[in-house]
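Peer 1: Protein chains in written order, with numbering that gives the first Met the number 0: chain A, 0 to 166; chain B, 0 to 186; chain C, 0 to 407.
To be clear, the hints were calculated from the coordinates, so they are not data collected in a lab. Keep in mind it's a predicted model, so treat the numbers as computed, not measured. One should not assume that every hint holds.
Derived Cβ-Cβ restraints for the label pairs, each shown as a range [claimed, not checked]:
hint, chain 1, residue 1, chain 2, residue 2, range
1, A, Gln18, C, Gly133, 55 to 61 angstroms
2, C, Lys384, B, Gln99, 25 to 31 angstroms
3, C, Arg361, A, Asp153, 21 to 27 angstroms
4, B, Glu150, C, Glu63, 43 to 49 angstroms
5, C, Pro380, A, Asn124, 30 to 36 angstroms
6, B, Glu71, C, Glu180, 30 to 36 angstroms
7, C, Glu146, A, Asp160, 38 to 44 angstroms
8, C, Glu332, A, Leu151, 17 to 23 angstroms
9, C, Thr244, A, Gly69, 32 to 38 angstroms
10, C, Glu180, A, Asn124, 24 to 30 angstroms
11, C, Glu146, A, Leu151, 33 to 39 angstroms
Computed list of chain A residues with no C-beta within reach of chain B, every gap over 10 angstroms [stated by the list, open to error]:
hint, residue
12, Thr49
13, Pro65
14, Leu106
15, Arg156
Distance condition first, Cα-Cα at most 35 angstroms in a straight line; then the derived DSBU-like pairs of lysine-lysine [as the list claims (entries may be wrong)]:
hint, chain 1, residue 1, chain 2, residue 2
16, A, Lys68, C, Lys95
17, A, Lys159, B, Lys175
18, C, Lys312, A, Lys159
19, C, Lys95, A, Lys40
20, A, Lys159, B, Lys9
21, A, Lys90, C, Lys95
22, C, Lys187, B, Lys9
23, B, Lys98, A, Lys159
24, C, Lys318, C, Lys103
25, C, Lys184, C, Lys287
26, A, Lys40, C, Lys260
27, A, Lys14, A, Lys97
28, C, Lys95, C, Lys384
29, C, Lys184, B, Lys9
30, B, Lys9, C, Lys181
31, B, Lys11, C, Lys318
32, B, Lys98, C, Lys312
33, C, Lys293, C, Lys260
34, C, Lys184, B, Lys11
35, A, Lys147, B, Lys98
36, A, Lys159, C, Lys181
37, A, Lys159, A, Lys90
38, B, Lys98, C, Lys327
39, C, Lys95, A, Lys14
40, B, Lys9, C, Lys384
Virtual Cβ for every residue (Gly too), placed ideally from N, Cα, C.
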Amino acid sequence: MALTNEIIKTRLVEKFGDQLTDWVEPYGMLTFTAPKDQNLKVLQFLYDDTELRFQFLTDLQAVHYPTRKGEELAVVYHLHNLVDNVRIRFKVFADITKPDVFSATALYQTANWMERETYDFFGVNFLGHPNLIRILNVDEMDYFPMRKEFPLEDQTRVDKDDEMFGR
Amino acid sequence: MSRPVQFNNKVKMVEAPEGFMGDGFMATSLEKVVGLARKNSIWPLPFATSCCGIEFMATAASHYDIARFGAERMSFSPRQCDLLMVMGTISKKMGPILKQVYLQMAEPRWVLSVGACACSGGIFDTYSVLQGIDQIIPVDVYVPGCPPRPEAILDGFMKIQELVGNESLRRRTGEKYKDMLAGYGIQ
Amino acid sequence: MQSTEHILLPEGSLEKQTTTLNLGPTHPATHGVFQNILEMDGERIMKATSTVGYIHRAFEKLAERRPLYQITPLTDRMNYCSSPINNMGWHLTCEKLLGVQTPKRVDYLRIIIMELARISDHLICNSIVGVDSGAFSGFLYLMQYRELIYEIYEEVCGSRLTTNIGRIGGFERNFTNTAFEKLEKFLKEYPVQLKEFENLFLRNRIFMGRVIGCGPISAERALNYGFTGPNLRAAGVDYDVRVHTPYSSYQDFDFTVPVGKTGDCYDRFLVRNEEMWQSLSIINQAYKKVQEFKGAEADVFHADVPAYYLPEKKDVYTKMEALIYHFKIVMGETEIPAGELYSSVEGANGELGFYLISDGGRTPYRLHFRRPCFIYYQAYPEITKGSMLSDAIITMSSLNLIAGELDA
Numbered sequence: 000m001a002l003t004n005e006i007i008k009t010r011l012v013e014k015f016g017d018q019l020t021d022w023v024e025p026y027g028m029l030t031f032t033a034p035k036d037q038n039l040k041v042l043q044f045l046y047d048d049t050e051l052r053f054q055f056l057t058d059l060q061a062v063h064y065p066t067r068k069g070e071e072l073a074v075v076y077h078l079h080n081l082v083d084n085v086r087i088r089f090k091v092f093a094d095i096t097k098p099d100v101f102s103a104t105a106l107y108q109t110a111n112w113m114e115r116e117t118y119d120f121f122g123v124n125f126l127g128h129p130n131l132i133r134i135l136n137v138d139e140m141d142y143f144p145m146r147k148e149f150p151l152e153d154q155t156r157v158d159k160d161d162e163m164f165g166r
Numbered sequence: 000m001s002r003p004v005q006f007n008n009k010v011k012m013v014e015a016p017e018g019f020m021g022d023g024f025m026a027t028s029l030e031k032v033v034g035l036a037r038k039n040s041i042w043p044l045p046f047a048t049s050c051c052g053i054e055f056m057a058t059a060a061s062h063y064d065i066a067r068f069g070a071e072r073m074s075f076s077p078r079q080c081d082l083l084m085v086m087g088t089i090s091k092k093m094g095p096i097l098k099q100v101y102l103q104m105a106e107p108r109w110v111l112s113v114g115a116c117a118c119s120g121g122i123f124d125t126y127s128v129l130q131g132i133d134q135i136i137p138v139d140v141y142v143p144g145c146p147p148r149p150e151a152i153l154d155g156f157m158k159i160q161e162l163v164g165n166e167s168l169r170r171r172t173g174e175k176y177k178d179m180l181a182g183y184g185i186q
Numbered sequence: 000m001q002s003t004e005h006i007l008l009p010e011g012s013l014e015k016q017t018t019t020l021n022l023g024p025t026h027p028a029t030h031g032v033f034q035n036i037l038e039m040d041g042e043r044i045m046k047a048t049s050t051v052g053y054i055h056r057a058f059e060k061l062a063e064r065r066p067l068y069q070i071t072p073l074t075d076r077m078n079y080c081s082s083p084i085n086n087m088g089w090h091l092t093c094e095k096l097l098g099v100q101t102p103k104r105v106d107y108l109r110i111i112i113m114e115l116a117r118i119s120d121h122l123i124c125n126s127i128v129g130v131d132s133g134a135f136s137g138f139l140y141l142m143q144y145r146e147l148i149y150e151i152y153e154e155v156c157g158s159r160l161t162t163n164i165g166r167i168g169g170f171e172r173n174f175t176n177t178a179f180e181k182l183e184k185f186l187k188e189y190p191v192q193l194k195e196f197e198n199l200f201l202r203n204r205i206f207m208g209r210v211i212g213c214g215p216i217s218a219e220r221a222l223n224y225g226f227t228g229p230n231l232r233a234a235g236v237d238y239d240v241r242v243h244t245p246y247s248s249y250q251d252f253d254f255t256v257p258v259g260k261t262g263d264c265y266d267r268f269l270v271r272n273e274e275m276w277q278s279l280s281i282i283n284q285a286y287k288k289v290q291e292f293k294g295a296e297a298d299v300f301h302a303d304v305p306a307y308y309l310p311e312k313k314d315v316y317t318k319m320e321a322l323i324y325h326f327k328i329v330m331g332e333t334e335i336p337a338g339e340l341y342s343s344v345e346g347a348n349g350e351l352g353f354y355l356i357s358d359g360g361r362t363p364y365r366l367h368f369r370r371p372c373f374i375y376y377q378a379y380p381e382i383t384k385g386s387m388l389s390d391a392i393i394t395m396s397s398l399n400l401i402a403g404e405l406d407a
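Assemble the whole structure, with the sequences as input and the hints as a guide.
Peer 2: Take a look at the structure:
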């Protein structure tokens, strides 16, 4: 029997009940939201379960929603079941004033740099990460550039005139 | 897979500088001779960071062949090169490293800035990209393009050759040059 | 090197402490800028710390500023050795979001371009493995055919390296006869040159001695590290996005996916080599299929979506709807539907994914690139632990690390 989105949803709801919310299927990929402190449990369940077998972490990154007060930073995990060829996505939301999320590096080594990149761009603090320092930006940078309030351009540049460059 | 052997008898010789020819000797100015020797044996340091680096690889390969112009030996050590070819985007993290490589070069040294990103930041007008390497080091020739065709890189190289051939021997020790370097914070 | 870290030297070592060597951002031209700080016991590497970010150009923030078709030039500059694949991957993502269905001829032409790009990337990677082990001539022979591929791109889109090829829904112009002639020349001459390259390297005792056993990785570790692409296939896992989630009509083609055993440099070299042969076979099949379109069908080079694909200039000057569509597209006022999607293609290095969140405005709300190089470069310290410095250099080049994709 092929692994369909309904089966995955039933198994997850069996295990976690109504902690998992916001079930949608944009463009065919099952997406749900989990509470912030359950993210490792969800990942572990999806990894260990013999029917679900989501053992490949395709992608991990964050999105900043400044309008959702209290849950501004969303960390999004994309998982892939290579055997049955099914993909799934789930999100955890964190408050921007205290963006602590448990780190997935113990389960997936690939999450190491992905979480560093997320920290570098959004400031999400991953608890339990072996080496959470900036990866792509300059080490001395003191803000998190991908957040919506920060501009794209370097404000100290003198040779480019914002009026002419159509900002 | 053999073709008939072809010998190259269309070798183009460099013109001798103006001077006075005599019986077994030639008198000309030292600057001209030194310029001639230097311009036809420039050893570049390919500081290739991104896409322009791949166009440089195409320039160095057999189709466009930069070795014809004297750049046979790509030196990767700054101490032994004449021309710093900066190809590709230089980010703010890379800036100090570029400056250090420039400082390690021995005089006379020239800088060729290849590609839009090295000249002015290119399409990346962002917080992390240096908007042109001339913010940190003095540049002699700019080659625009994204990426510039190998012909354009060769054209830039030929302009550097012109500069090298016509340079005065006293330029590097003069006040004007020192003032220019001081403008970049280099002693 | 922090003094609090203790690196135990192995038994029988002659050294009293480890030597710190900086394999710094300024490498010999080919690889790009990333740094490795190596702790070495003589010639052996005990620990490697990688630093990236020396060419961070903030693509993701830039993408939030640009309408959909203006993001294509950004995708070019990620994996710049095979930029058409990045372009096509982005166009496929946009088409999925917008619900655009491309005609078959467009799909086949796209496959020709993508497989040419894959050949050009593998060609560079394999010849650079040769250059790094000291054999420069192979690089010169194969670069000639990369020049021919560049000429084919130029016929279609005008540019050599950072191609910005194709549009949402198809191509910007139909393939001319010159393009097909150059393609035929390529299909005739490249196999001969590739055979010669194989003769130089594959069973060459010196080359084999350099690369066999160099930098191996097991399949479980590779999967845990998120490897995809030829590096994963060399470790033994046959995961290829073209087979798992066929896009752009790949299911109509007959090709095999080469898989290695130990995941060392020789396996990666062989997998890439065999993938070049498979790509040639795919291009041959696609070219035959394209030639079967006759008459009016042979002129189809884009989908009929005037809302996203610029109408022809003669219509813009004469018809009202075309003028309005043209205005809306160029001024960036076409609205994209709200939604989020993840779509991926098989890039030359692995699964290149695009996670696009749109809120209905003219630019994406969030665009994230899942870059394969970034993900598998994390494994480099583990792969090179205990190996010699020269082996570490060959491992680095056989992993096909492209700095533009590392940092984005």
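Peer 1: Each hint needs a verdict: does it hold in this structure or not?
Peer 2: Comparing the hints with the structure gives:
For the pair A/Gln18 and C/Gly133, the beta carbons lie near 59 angstroms from each other, so the given range of 55 to 61 angstroms is met. In this structure the hint that C/Lys384 and B/Gln99 lie 25 to 31 angstroms apart at CB holds, the actual value being about 29 angstroms. A beta carbon spacing of about 24 angstroms between C/Arg361 and A/Asp153 agrees with the range 21 to 27 angstroms that was offered as a hint. Between B/Glu150 and C/Glu63 the beta carbons are some 36 angstroms apart, a value that contradicts the proposed interval 43 to 49 angstroms.
The hint said 30 to 36 angstroms for the Cβ distance between C/Pro380 and A/Asn124, and at roughly 24 angstroms that hint is violated. In this structure the hint that B/Glu71 and C/Glu180 lie 30 to 36 angstroms apart at CB holds, the actual value being about 35 angstroms. The hint said 38 to 44 angstroms for the Cβ distance between C/Glu146 and A/Asp160, and at roughly 40 angstroms that hint holds. A hinted range of 17 to 23 angstroms for the beta carbons of C/Glu332 and A/Leu151 is consistent with their spacing of about 21 angstroms.
C/Thr244 and A/Gly69 have their C-beta atoms about 36 angstroms apart, which keeps the hinted 32 to 38 angstroms range intact. For C/Glu180 and A/Asn124, the hinted distance range of 24 to 30 angstroms is not satisfied, since their beta carbons lie about 59 angstroms from each other. In this structure the supplied range 33 to 39 angstroms holds for C/Glu146 paired with A/Leu151, their Cβ-Cβ distance being about 36 angstroms. Once the 10 angstroms rule is applied to beta carbons, A/Thr49 is consistent with being away from chain B; the minimum gap is 45 angstroms.
With a cut of 10 angstroms on Cβ distances, A/Pro65 stays outside the contact zone with chain B, its closest approach being about 19 angstroms. Interface exclusion of A/Leu106 from chain B stands, the closest Cβ pair being 31 angstroms apart, more than 10 angstroms. Not every C-beta of chain B lies more than 10 angstroms from that of A/Arg156, the closest at about 5 angstroms, which undercuts listing it as non-interface. Between A/Lys68 and C/Lys95, the direct Cα distance comes to roughly 31 angstroms. Compliance with the 35 angstroms bound is thereby established for this hinted pair.
For a cut-off of 35 angstroms, the pair hint linking A/Lys159 to B/Lys175 stands: about 28 angstroms separates their Cα positions. Of the supplied pair hints, the one linking C/Lys312 and A/Lys159 holds, its CA atoms being roughly 33 angstroms apart against a limit of 35 angstroms. A distance of roughly 32 angstroms separates the Cα atoms of C/Lys95 and A/Lys40; the hinted pair therefore holds under the 35 angstroms criterion. Under the criterion of a C-alpha separation no larger than 35 angstroms, the hint pairing A/Lys159 with B/Lys9 is inconsistent with the structure, at around 49 angstroms.
Distance restraint check for A/Lys90 and C/Lys95: the Cα-Cα separation of roughly 22 angstroms lies within the 35 angstroms cut-off, and the hinted pair is therefore satisfied. Pair hint C/Lys187 plus B/Lys9 holds up; C-alpha atoms about 31 angstroms apart against a cutoff of 35 angstroms. The suggested pairing of B/Lys98 with A/Lys159 holds, with an alpha-carbon distance near 23 angstroms, which does not exceed 35 angstroms. Distance restraint check for C/Lys318 and C/Lys103: the Cα-Cα separation of roughly 28 angstroms lies within the 35 angstroms cut-off, and the hinted pair is therefore satisfied.
Taking the CA atoms of C/Lys184 and C/Lys287, the gap is about 15 angstroms. The hint holds against a cut of 35 angstroms. In summary, the hint linking A/Lys40 to C/Lys260 is supported, as the alpha carbons are separated by about 33 angstroms, within the 35 angstroms threshold. For a cut-off of 35 angstroms, the pair hint linking A/Lys14 to A/Lys97 stands: about 28 angstroms separates their Cα positions. Distance check on the hinted pair: C/Lys95 and C/Lys384 sit about 43 angstroms apart at the alpha-carbon level, beyond 35 angstroms; violated.
Of the supplied pair hints, the one linking C/Lys184 and B/Lys9 holds, its CA atoms being roughly 29 angstroms apart against a limit of 35 angstroms. Note on B/Lys9 and C/Lys181: the hinted pairing holds, with a Cα-Cα distance of about 29 angstroms set against a maximum of 35 angstroms. Between B/Lys11 and C/Lys318 the CA atoms are separated by roughly 59 angstroms; this puts the pair beyond 35 angstroms, and the hint is violated. Simply put, B/Lys98 and C/Lys312 have alpha-carbon atoms about 49 angstroms apart, too far for the 35 angstroms limit, and the pair is violated.
Restraint check: the Cα-Cα separation between C/Lys293 and C/Lys260 comes to about 45 angstroms, which exceeds 35 angstroms; the hinted pair is violated. A C-alpha spacing of about 32 angstroms is found between C/Lys184 and B/Lys11, which places the hinted pair at or below 35 angstroms, so the restraint holds. Using a Cα cut-off of 35 angstroms, the hinted pair A/Lys147 and B/Lys98 holds, with the two alpha carbons roughly 33 angstroms apart. About 42 angstroms separates the Cα atoms of A/Lys159 and C/Lys181, which puts this hinted pair outside 35 angstroms; it is violated.
Taken as a hint, the A/Lys159 and A/Lys90 pair is broken in the structure, with Cα atoms around 39 angstroms apart against an allowance of 35 angstroms. Simply put, B/Lys98 and C/Lys327 have alpha-carbon atoms about 45 angstroms apart, too far for the 35 angstroms limit, and the pair is violated. Restraint check for C/Lys95 and A/Lys14: the C-alpha separation of about 33 angstroms stays at or below 35 angstroms, so the hint holds. Using a Cα cut-off of 35 angstroms, the hinted pair B/Lys9 and C/Lys384 is violated, with the two alpha carbons roughly 53 angstroms apart.
In this structure, the hints that do not hold are numbers 4, 5, 10, 15, 20, 28, 31, 32, 33, 36, 37, 38 and 40, in rising order.
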